[in-house]
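Chains as they are written, first to last, in numbering that gives the first Met the number 0: chain A, 0 to 274; chain B, 0 to 514; chain C, 0 to 324.
Where hints are given, some of them may not hold.
Cβ-Cβ distance ranges computed for the label pairs, FRET-style [stated by the list, open to error]: (1) C:L16 x B:P33: 55 to 63 Å; (2) C:G71 x B:R493: 47 to 55 Å; (3) A:M43 x B:R493: 36 to 44 Å; (4) B:G98 x C:G71: 42 to 50 Å.
What the hints contain is simulated information worked out from the structure, not anything from laboratory work. Since the structure is predicted, the reported quantities are computational estimates derived from the model, not experimental observations. By construction, the Cβ of each residue, glycine as well, lies at the ideal position given by its N, Cα and C atoms.
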Amino acid sequence: MNGAPGPAGPRRWRPAACAAVLLGGLALLGPMLAPYPPDAQDLMRVMEPPSASHWLGTDLVGRDVLARVLAGAPHSLGLALVCVVLAAATGMTLGMVAANAGPTLRTAILRLADLMLACPGLLLALLFAGFLGGGIWPMLIGLKLSLWPHYARMAEAIATGALRENHVEAARLAAFPERTILVRHVLPPVLRGVMPLATLGAGQAIMSISALGFLGLGLKPPTPEWGAMINELMPFLAEGFVQVAAPCAMIVLSVLVLAVAGRSMGGSSDAREHG
Amino acid sequence: MVTPSAPTRRSLLALSAGGISTVLLPSRPRAGEPGVLRVASPWEWTSNEPTDTGYLMTRLGIGETLVQVEPDGRLSGGIAESWSVDDDRLTWRFRIRQGALFHDGTPVTPEATAASLRRALAGESLQQVPVDRLFTDGPDVVIRTVSPFSPLPAMLVDYAAVVLAPASWGPDGTVQRVIATGPFRIVSTEGKTLVDLERFDRYWGAAASVARVRYTAIPNGDTRTNVAISGDQDIVFSTPPAATSRIDAAGRSKVVSMTVPRVRVLAFNAGLPQFEDVRVRRAISMAIDRRGIASAVLRHPGSAATQLLPPVVPGWHDATLEPYAFDVSAAKALLDQAGWTPGPDGIRGKDGLRLAGTLLTIANRPELTVMGTAMQAQLKAIGMELTVVPGPAAAVPAAIQAGTMQMTLFARTYVNVPDVVATIVPDFTRQRSTWGTLEWPGRTRMKALTDAYVRTFDEADKAPLRRDILRLIQDELPVLAVSWFEHTVAVGTRVGGLVIDPYEMRYMLSGVRLS
Amino acid sequence: MTASATSLAGPLARLVLGRLGQALATAALLATLCFAFVHALPGDLALRVAAARVGDERVTTQTADRIRRSEGLDRPLVFQYLHWMATLARGDLGRSLVTGQPVAGELARHGAFTLRLGLAGWLLSYAIALPLGIAAGLRPGRWLDRATTALAVTLASLPSFLVGLGLVSLFALTLRWLPPAGFGTTAHMVLPALTLALSLVALSIPVIRNAVVEVRSAFYMTYARVRGLSAAAALRHHGLRNAAIPVVTFAALQFAYVMDGFVVIETLFNYPGMGELLVTALIARDVPVIVGAGLTLGFAFALVSLAADLARVWLDPRRLREGRP
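Isolated chain A (complex conformation) (with noise of 0.2 Å):
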C-alpha cells in the first residue's frame, strides 16, 4: 500500500506492469467474463440480496450486478486509461518542447494551454457530449483536452528548471546533440515529476467518467457504466447495500491499484537517495 522502494532497480516497475496488466485486462476482458447479458432483466428478481446465481445480487430492473461491473470496465476504466495516456503524451512532448523552445512557441504553447485549463474538463466533456450526441468518443475527446494543459505545464516546469542544471549546460558545453540532453538529462525529471500527476490523472478520469455519470450527464443508460450504476442504486442503499457498494469499489479499487503503481514508479527518487 505504502509503495516502500525496492533496492533493485526492475523490481519497482513491476507492480507497474502487473497493474497495467490488470487494469487493462479488466477494460479488455470484462464484458467477456461477465456471467450474464449485462441488459437481461428480470422484473421478477428485482434488488435481490447476493446469492449463488447473482453474487452480488440483482439491481432495479433485475439485472445481474456482476455482469454489469464486468462490462462497465471498458466504459469507466478503458476510457479512462487511454484518455490519460494520449494526454500525458501530448502534454509532455509539449511542454518539453516549450521548455527548449524560443519564446514565441513557448508562449504559444502555454497561453494554449492555460486557455484549455481556464475551460473546466467536466463541462469540456459536457460540451462535446451534447455538440456530437453523447456517447464514449466525445467524452475522449473532451477530457484528454482538458488533461494535456496539466501535463504540459508540469512538464514545462520542470524541464525549464531542469535545463538550468550544471551538468545540462556542462553537456552543452561538451556540445551534445540536444535530443541525447533532452532524453537523457530532462526526461527522467520530467517523467519523474509527471508520473505521480497522471497516475492520479488516470485515477481523476475515471473519477471524472463516473462523476459525469453519477450526475446523469456522462454516458447514456442502459450503458453499465460505474458511475451511472451508482446513480441509479443509491436510492435503494437501505435494500441493497452490496449493489451500491459494487461499482463504488470498482472505482476505488482502481484508483487504488492505479495509485499504488504510480508509487512505486515514483519511488525512484527515494531510491537515489537511499542508495
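Mind docking chains B and C on chain A? Use the hints.
Same frame as chain A, but now just chains B and C:
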C-alpha cells in the same frame, strides 16, 4: 539572512487559519426557527413571469387565479367570488371578490384583473380559449367568446392567469415585482433557489397559520431525500419513491403519497408503417408488464396504469373500460395476424421492414430511462427491437413537431387546468400534437368529440362524451399509459394539517400548522 | 505610449502588463468560443431555453417561438454576435435568456458563493497538505511518510461524489451534526468545503512531498561540493525555495481542477455556485450566461496564472532575467 521559505509557509498557514474564518463569516441562523415553515421541491424560481413560474406562485400560495380547483375537483372562487354565463352561452361574467387586496395594499379591481388577464390570454397557455372580447362591467370582468366554450372557468385555473397588481409590471412589459393576492407574499428571493415568504395578514380568505415560509428549490432527488431524512426541511415534495422506507425509518419525516393525474405515457408516430396498424400498438401494449414495472422500478404496484387517467379525476376515469392487458402470447398472436413474422434474429419483419423503433425518453426523469430499458427487454420477447435514446425534455415536442418522433416515453400532466379536455385537444386532435400523438388518423374523430364537448354546457350530456373520448384512446392506443404518478410528500413531524392537492395546483400551505 | 512606459519600467512591469493583455485576450477568445460552441450545438436553442423557463413537461413549440421572437434569437448569428460585442463594449454582459436577470448580477452572486466555497476548501486543503507533505518529504520512507502517502492514496482513490455522499451520510444523516444540503450558514459550508479540501489534499500531498524530496536530494549533491554551509541553512537557502516552484505551478493548476469539483459538489449539496450556474446554463443553452461565465473564468484563470508566475519570479528571479516567467 531572510529565508523566503519560512515566511511563505507561515503566512500561508496564518492565511488559511484567518482566511477560513473570514470567508465563512456571513452567517444566518440555521433555519429551524419556530414559526418558519421550511418547504422544498424540485422546482426553481426561474423568473417573475406568471407564464413561466406561475405554477410556483399558485403552489406556494403567492398568486391566485380567478377560479381555483379544490382537491376533490370542484371549481371554487379565487379572485372571482362567483361566475355565470349568459343565455347566449358566449358571455361569461366573473364577479370580482369584494375587499380582496393585492400584497401592496391596493384593492383588487375588475380593471386591474382584466389588465392582468389580457396578458395571460396573449400567452400560449390560454390560446385555446376562443376569446372575442375581455372587458369590465361594474363589479364584473366579462369574457365573451366567439363560440360556446363550456370549460372556460376551468381554463382560468391555468397558472399563467395568475392575477398581478398593475404595479408589478415595469415599463418594458416584464414583471419587475410579483405583487399578487395569495395568502403569502414574497419577502425576498435569492437566485432561483430560495424564496422567503411571509403571511399576508390582509388576505381575503382565512389567514395562514404559519407566519413565515422559506421555500428551497432542490432539483436533485437524492439531496431531497437527504434533507427529508435529516429533518432540515419540514415538507419535501417529490421525494424519490425508492427512498420512502429510508425517510420513514429516520423518523424526522413521514412520506405520504397520492396517485395523481400525471401519467407516464408511450406515444407513437402512427404514420410510420410499423405503427400504423392498431394491432401492432395493441400488441406492444399487451407486451408491457405495467405491474412489474410499477412494482420494480416505481416501487408502487398501484401506479400501474389501467387506462389513461387514475380514478382521482372525477369524470375522466371510466371504471367500465376494459383495463390494459398483459398477455405476451396474445401479443404475439396479434402480430402474427397483422403479418409481422419473426426473422432470423428473432425480430419480426413485414415486407422487408423490421419491427423496430427508436424510443425517445427524457434524461432528467431517470425512471423513464429505466422504464424504457425495461420495455426494451419486454418488447424483445414479442420480436420487436427498441432503441432507447434519452434526451433533453425539449427534444420530445421538437421531435413531434419535426415529425421525426418514432416512439416516445414521457411524463405528462393532464390537469394543467382541471378539465382534462384542455390537454386532450392539443395532444390528440392535431396531426402534430404538442405532447402526444403524431399522424394519428383517429384525430378527426377525436376532434369531433372534443368540439361537441366544449359546446355542451349540461353536465349530463358531457359525461357520455367523456366516456367516448376515453374509449377512443383505449381502443386505438395512439398513446398508451404505462404508469400513473405517485405524488410523494415527506411531511416533517412538526407539521400538521397538510392537504395534498392531486391537481398539484396548490401546496395548500396556508392550512399547515407547526407544532 | 505603452511601449515607452514598458521600456522605462522593469521586466516585471512588462510581464504584468503583457500578462494582463493576454488575460483579456484569453477571456475574449474563450467567450467567443463559448458563443460559437453553444450556437453550434445541435437542437433548437429557443426550445431548450423555453424548457428551462417553464419546466420540462410544460414546454411547447409555441413557447419556443415566443422566446425566439422576444429574445431576437431568429436574427442572423453574426448580428447576434456583433450585438453581444457591442453590449459588452459598454460593460454590459446582457441578460439571462431564462431568468431575464442581468448576467453580471448572476455571475457575481454565484461567483461569490463559489469563491467562498473554493477559498475555504483550498485553504483547508493546504492547512492539511502542506505540513503533512513537507514533513513526509523531509524524511522519506519513515512512518510519517508512509502514513501520509497511504492517506493521500486513499483520498485520491475516492471520487468527490463518494466523499461527499460519505460525509453526508456520516455527519448529516447519522450524527446529525450538520445540514446535508443548502447554503447561507457556516454549518452549511463545512461539508462541501471538506469534500473539496479532501480531494485537493489527495493531489497536493504527493506533489509537495516529491518536490521536497527532489530538492533535498539535489541539495545533498550541492552539499557534497560546497562544504562549510550547514545542512539546515542550505536547505532553507536553496531547498524550499526551489521546492516551491513546482508546488506553485501545481497550486495554480489546481484552481482549474477545483472548477470540476464544484460541478459535482455544488450539485450534491444544492449550493448555488458557478458550477451549478454553468451546468444549468449549459443544459438550458442560456447563451449570455455561458458566455459571461466563460469570460469570467478565463479572466480569473489568467489572473491566477499570473499570480503563479509572479510567485515563481519571486522564488527564482533568474527566470525573469531570462525572459521566461
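Cross-check of the supplied hints:
no. : hint                       : verdict
1   : C:L16 x B:P33: 55 to 63 Å  : holds, 58 Å
2   : C:G71 x B:R493: 47 to 55 Å : holds, 50 Å
3   : A:M43 x B:R493: 36 to 44 Å : holds, 41 Å
4   : B:G98 x C:G71: 42 to 50 Å  : holds, 44 Å
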